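Student: These protein sequences, in sequence, are chains A and B. Numbering-wise (my numbering), the first sequence opens with residue 1 and increments by one. Numbering-wise (my numbering), the second sequence opens with residue 1 and increments by one.
In short, the hints are calculated from the structure, not lab data. The structure displayed is predicted, hence computed values, not measured ones.
Chain B stretches covered by chain A per the calculated footprint, using a threshold of three residues with CB under 8 angstroms from any CB of chain A:
hint, region
1, 188-199
2, 224-235
Dumping the calculated EDC-like pairs for lysine to aspartate or glutamate here, alpha-carbon to alpha-carbon at most 16 angstroms:
hint, chain 1, residue 1, chain 2, residue 2
3, A, Lys136, B, Glu381
4, A, Lys87, B, Asp582
5, B, Lys524, B, Asp479
6, A, Lys15, B, Glu269
7, A, Lys136, B, Asp582
Glycine included, C-beta positions come from ideal geometry on N, C-alpha and C.
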Amino acid sequence: MNKILHEILDAHRKKGGNIITLLQGTQEAFGYIPREAVAFFSEELNIAPSRFYGVATFYAQFRLKPIGRHKITACCGTACHVKGSDKIINGLKRELQLSAENDTTVDGEFTLEEVACLGTCSFAPVVLVNGSVRGKTSSDTVVKEIRALRKKEHE
Amino acid sequence: MSNSTVVRVCMGPGGIAAGGKGVLDEFEKCLSEKNIQASVRENCSSHQVGCLGLCARDVLVEVHTNGAKTTYQYIKPDMVERIVTEHISGGQPVSEWLVDDAFSAFYKKQVKVVLSDVGKVDPEDIDAYVAAGGYESAREALTAGSPRDVIDEVKSSGLRGRGGAGFPTGLKWELGRAATGDIKYIICNADEGDPGAFMDRAVIEGNPHSVVEGMIIGAYAIGASKGYVYIRAEYPLAVERLKLALHQATDRGFLGKGIFGTSMDFDIEIKLGAGAFVCGEETALIASIEGQRGMPRPKPPFPVNKGLWQRPTVINNVETLANIPYIIRNGCAWYASYGTEKSKGTKVFALTGKIRNPGLIEVPMGITLREIIYEIGGGIENDKNLKAVQTGGPSGGCIPASMLDLNVDYDSLARAGSIVGSGGMIVLDEDDCMVNMAKYFVHFTQTESCGKCVPCRVGTKRLLEILTRITKGEGRTGDIELLERLSAGIKTASLCGLGQTAPNPVLSNIRYFRDEFIAHVRDKKCPAKVCREMLSYRIIEKFCRGCGACLRACPGGAITGEKKKPHVIDPGKCIRCGACFDVCKFKSVEKE
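Pulled out of the complex, with its shape left as it was, chain B reads as follows (with noise of 0.2 angstroms):
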């Protein structure tokens, strides 16, 4: 192995966006054209290349040679073949394509347990993961010590669940396998339904076993026989990688009959999500894995005692699965030597929206919202000014840039008003509108309530009525109190957590952003120029060099003007979808 040279393609999510795939079979090409004695080889994989998570920089591709690790930034089929000729043939790396020092600043605070091996190993290959020391853990589990044992050391780890609400699996182990039923099952959460996060995802498709290693050790803990993943339809390459993984996990006889030569016998089988958020309630979930309308009910009685078919049932997310082996794997002391007192560990986040450099990251918790978004995201992007910070989706709130020193963790985030919710991270800027966010998310519920119960189904409604109109600018006295007091029942009287927590992005965006509100109810103004409804654009006269540039981008026919003569906007037929804004070279386009 001396001499060979390895080059990994980022083929994750981020890496085929950016045409990964095009620069795999470009490396192919040219090195068999060259006949190079390399390997040419998928880097696994979500979002990272090389696993390095900063997709934004994709497609990014690492070449391994004698030992050595270098990595390109930026790479388009067409800079293949220098990359070959001067690096790989010629031995000298070519420079200017390298990563810069935000890349290493990316890196240096993240501590990575759950993406360890995420980039590093081809996920479509167990032996690569075994290699890694995969199935080692579940082997050790299931042969050297007994399910109590597993279930003492995941509680001594104070893994929390990963999938937003933060229940102790370790205990919610305990209690299933303290269930009584002929049949026990367990369940990986997949329905990954937050919009701007995409964890699981590169959980899955970078390194499917270990989520599948995860399981087993899980099913052990309670006994159960059966497993199910219930995963978006919306993540094809995922759930391919998934098949891929259980078939080479059955035919090493880690799934099936007597795995690991034990009497223990475990399958999985994948069920596919059909596009409904509600199904990430434990309840919906088990209804349309039974072929039902994803709806919930009441608990208890709990999945744990009565939950598949009427079955005891655990339910664990994708990234508290993948925790799992790594956790047997070094024990608990080492895990819980991360995080804060009560919350122990690593959290993968997806840092996404008005950040330098967006991308999968996994940091300790505790860790600051300073150091995530100034240290490792590298700041605003064009150098705007930080506004708030949306964490948890739908179900979570925001943290304004005044608080950038709090600790991201369980406690510190739900006395804040947000929650860490799946792991979306979302950075808003200056030219975001708070109200049009809160209306955004409230949008998002309002459509996904299944609409079994009145205060989810008829209170979401009500709220995004009243959120439509203020950004409207029909905005009425008192409707910020309305807002509340609306919010405060749909909170109490809803039956599962999806109407518990919707209106949280309202309350917390009031909470923190309350003169905003009041600009637009009370006089009409968007602060932030956002809502279309009260927005006017006008040509200043003297900026206009009359380029013609807004008037062929105008769709409704509102600008006229002759050309090198100043254009003007006939404001009754703007309809304020701020194409001119968007095109004009000048800034001659005002927005008010």
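For reference, chain A alone in the conformation it holds in the complex (with noise of 0.2 angstroms):
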């Protein structure tokens, strides 16, 4: 981990970033913020750690929490809202039994992130997995690709 957060403040120092860029560059290696990213940075450009986790906490997109090796994305925006996408939400919390306070499964697999709007409203109501869009799809689909990729983690 060292050697990666060494690079992100290298080219932070080099480009000029700020903060929120810097997270951003930890994300993309992390997949979330480790405690020992900010800890490091804090240390290292003498800025308080409360600095760092006050912009981390207050944008939707940093995460604290190491993410689960698929990520299914919900959107919940108003076209995918009026189509459903409660339902969907709901289904999928149900098969990967997640609380209100975890959204990654207890094994690390799966982890469901609900976001704004992915502006493919046409499309609604709209899942990603794994990055890739799934449009007009329902809670059973979904399901249906979740237990598909179970089952090849297993083989």
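Bring the two chains, given one by one in their own frames, into a single complex with the hints.
Tutor: See the structure below:
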């Protein structure tokens, strides 16, 4: 981890970024903002950790917990909402046994992310499975795909 | 070129979502195998295939042969070979896959200004934009006229900010010009945070150079030497295409030092947003570019005097800037010939929801909602009844079906209690609950409230609590009046636009659908049968064939029954998810 953190910091110093760009680089590398990363940057740049956490908790993009191996992104935009995104999200939560606090399965395989709008409203409701779009979808279809991914893992 | 064939495949968000890449690859494969003189090229842009905007029918494919254009709809990779064999080689279009009448109706009432080159030019090729007359407006503005000329032209065009507030763009530039500072900034606000809106994404993905050119002209008008584009990280393709556009423009000498051979220096940098709706507010956006928490501050001082790093800063929306090159090129009188007296020009809308032909449209200001919904959009999906149209997202409101002949412009929508907003237009039908919609938007603004000022932070929370209990069937007498009083307070006392407009969806829904609120509060009924806690499901014995589909679909194990005999739902175990209702093919599940 240390080597990567050094690289991120070097790039940051060269390009003259700010806390947001630094955290964006960190999240890109690790999938989340590890505690160690904030401690390291805080030390190196002489900026209080609270400033980093202040920014990290303000913006929806940043997460402080590790992300699952597969990422399911459910769109909660208005068009998706009127086309039943609630049902999809509830269905997925049941399938993955997620609670209100936990967006990642216990085994670390799946993370369910809810986002405001993906801008693909004509295909509402929309779910991304590992970044690729599933349009006009349903809870059943996505659950089937999740089960298939699980099965693949076990093979 | 006379015998050349060009195939354009939609690779906008709609096209990609529907599998445009697979279609494009298949065309390339088929054509090279058959050794045909055709260039398969990615058609630019956002939703538009062939930039047609009708993304519901993606993947759309345009085949241009000998000057004739043929458009296909719903194309999948396995259909490509037949098009190549029969149409491109054989000269006979595959008639059953062609677009139908609804397709031409979709375009008939539209007027494309901002979207005029979207879909025609390759967004990743600056030469294509230049060949279509691109960057000529910037060149002309910088070399042949003064900043004052540009400001006058934009003022006379009547262009108003397309981000939502509708502030006159020319006036904003004039104030920017008059502001003093050692350095000035121009910022393009591409933090399209409205859920249910994708106009800016479409413009940047479809024709990024028009935004860059608009920024160059704006920078010249106000005297800025540095520009920023603040764009959502959720739009990776838009970011990529914008980056490419900036590189290409720099290589051509359109950006950098001494641009267009003049003494003007101008650079543009991209700043990625990190997901905060409030950053669409100017002062919050500035804080975010500076690397801080994106929290608004009181105005004045206005950003135009003290903005980014305390320097004069002009912030314009994507669509506003993308209009500029066309206004300069065709003249203010041409632009002002579209629209109404106080709302000039055209506006791009993302038409979505329960509509037959969802997509991206550009219409002259002043068009009626009826024309948009029934002529362009083809009417309501599944022949249901229109209930309302929601405009302006979380800051806007709804227009009920009874006001279909309302003109869509800044003033008419404001009088009706909504706003034009950034351009999201969501069509609701009889199955949508207006209390639930109000709750949906308040949930959104409550989550996105930055927490700085009390009226917004606490007020939206209380609004949400009240709406939540109403939708749960626990509404109390006086809740509707309480919502109205609280809303008035939040509107008056909040610091920024987010809080000041957050109660709008509540107020407008109460205004037009008070009966529905009363039904929830007094009768504990949801007339649209949406609010889960107030519903109950039961199986009508005489319709049930005992197929077992509902039993398998029920996640709570609440359904029992023997095969081929009527099933029963145990209300104690039922979680009211509606899975049985959705799967039943015999309409034997009743929702109340």
